[in-house]
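Asks: As a plain string of letters, each chain reads:
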Amino acid sequence: MEIVSYIFLIIGGLFFLLGGLGVLRMPDTFNRIQAGTKATTLGVFSTLIGVAFANPDWIAKVIVIIVFVAISNPIGSSAIAKAIYNSKNVPGNLVIDELKERGEDNDNDVV
Amino acid sequence: MKYFTTFITLLLVYLLLAGFQVNEVILGSVLSVILTVILTKYVDYKIDILFPIRFLKFLFIYIPVFIYKLVLANLDVARRVLSFKIPLNPGIVKVKTDIKGDLGKLTLANSITLTPGTLSIDVEDDVIYVHAIDVKGKNKKEHSKNIAGTFEKILGGIFK
Chain L
1 MEIVSYIFLI IGGLFFLLGG LGVLRMPDTF NRIQAGTKAT TLGVFSTLIG VAFANPDWIA
61 KVIVIIVFVA ISNPIGSSAI AKAIYNSKNV PGNLVIDELK ERGEDNDNDV V
Chain V
1 MKYFTTFITL LLVYLLLAGF QVNEVILGSV LSVILTVILT KYVDYKIDIL FPIRFLKFLF
61 IYIPVFIYKL VLANLDVARR VLSFKIPLNP GIVKVKTDIK GDLGKLTLAN SITLTPGTLS
121 IDVEDDVIYV HAIDVKGKNK KEHSKNIAGT FEKILGGIFK
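Protein chains in written order, with the numbering used here: chain L, 1 to 111; chain V, 1 to 160.
For the record, the hints were derived by calculation from the structure and aren't laboratory data.
All the given hints hold, so there is nothing to weed out.
BS3-like mimics (lysine-lysine), calculated; alpha carbons at most 27 Å apart, straight line:
no.	chain 1	residue 1	chain 2	residue 2
1	V	K2	V	K105
2	L	K88	V	K105
3	V	K100	V	K2
4	V	K41	V	K2
5	L	K88	V	K94
6	V	K57	V	K2
7	V	K96	L	K82
8	L	K82	V	K100
9	V	K57	L	K61
10	V	K94	V	K105
11	V	K46	V	K153
12	L	K88	V	K96
13	V	K57	V	K69
14	V	K100	V	K57
15	V	K105	L	K82
16	V	K96	V	K57
17	L	K82	V	K94
18	V	K105	V	K153
19	L	K61	V	K69
20	V	K96	V	K46
21	V	K69	L	K82
22	V	K94	V	K153
23	V	K85	V	K69
24	L	K61	V	K2
25	V	K94	V	K69
Just need the whole structure built from these sequences, with the hints factored in.
Replies: Okay, structure coming up:
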């Protein structure tokens with residue numbers, strides 16, 4: 001039981017490391033957000049599952065936390081991406097940009 | 001049906017967080033009744049008879065695919081990050097969806113964010129704007145299919 005929990009914790013840590021490395025190495029904002037979001041989501045899942053194996057009493061709480069993280073993490077990164085797009089700091093390396101065709105975006109509800 | 005489902009969900013979340021003891025059950029029930037009354041009065045949502053079936057479908061069809069794709073996405077990120085020169089071909093692509101409900105569109109957008117190489121930026125009516133690391137396919141239809149195909153099929157059967 002302990003060993004399984006350690007394995008999950010190590011895998012989680014490894015994904016966090018990869019996420020951090022991705023944020024450092026990717027060349028522009030959107031790709032950085034992508035690396036960050038994916039790696040941290042699976043990192044959190046894996047770490048929490050490791051915690052659940054180490055202490056089986058907490059399994060219910062772990063499930064609730066995983067559900068909340070799975071919902072809120074992608075929403076957060078989408079909100080950040082939308083704010084970046086609306087702030088006109090779009091990186092210049094896009095091959096295709098179909099969001100531009102939509103015209104001026106005048107809703108200011110992002111922040 | 002709507003009141004009952006809302007009440008059970010709230011009570012379950014409370015009990016999972018607080019632990020299953022008699023006094024917690026009593027306090028949780030009281031709080032859940034109050035929240036159910038407030039929610040059903042002020043928030044607009046619908047729960048129909050088929051809800052349990054759709055929930056089971058969600059649990060046993062969507063979740064395994066989701067986790068599989070999430071692991072794939074992470075391996076993809078790892079491959080890109082660890083390669084000497086990062087392979088990139090980024091672009092923002094329009095993806096059309098047939099899913100109508102708000103919750104369905106939210107789930108689809110979240111799934112797109114957590115699948116390999118894509119990040120949903122904005123949702124507008126029936127269009128999701130997606131940033132893809134590697135734009136594949138010649139025309140717009142192929143883009144949509146590459147990005148949302150599997151999930152849209154699964155979620156179309158669960159949400160309407």
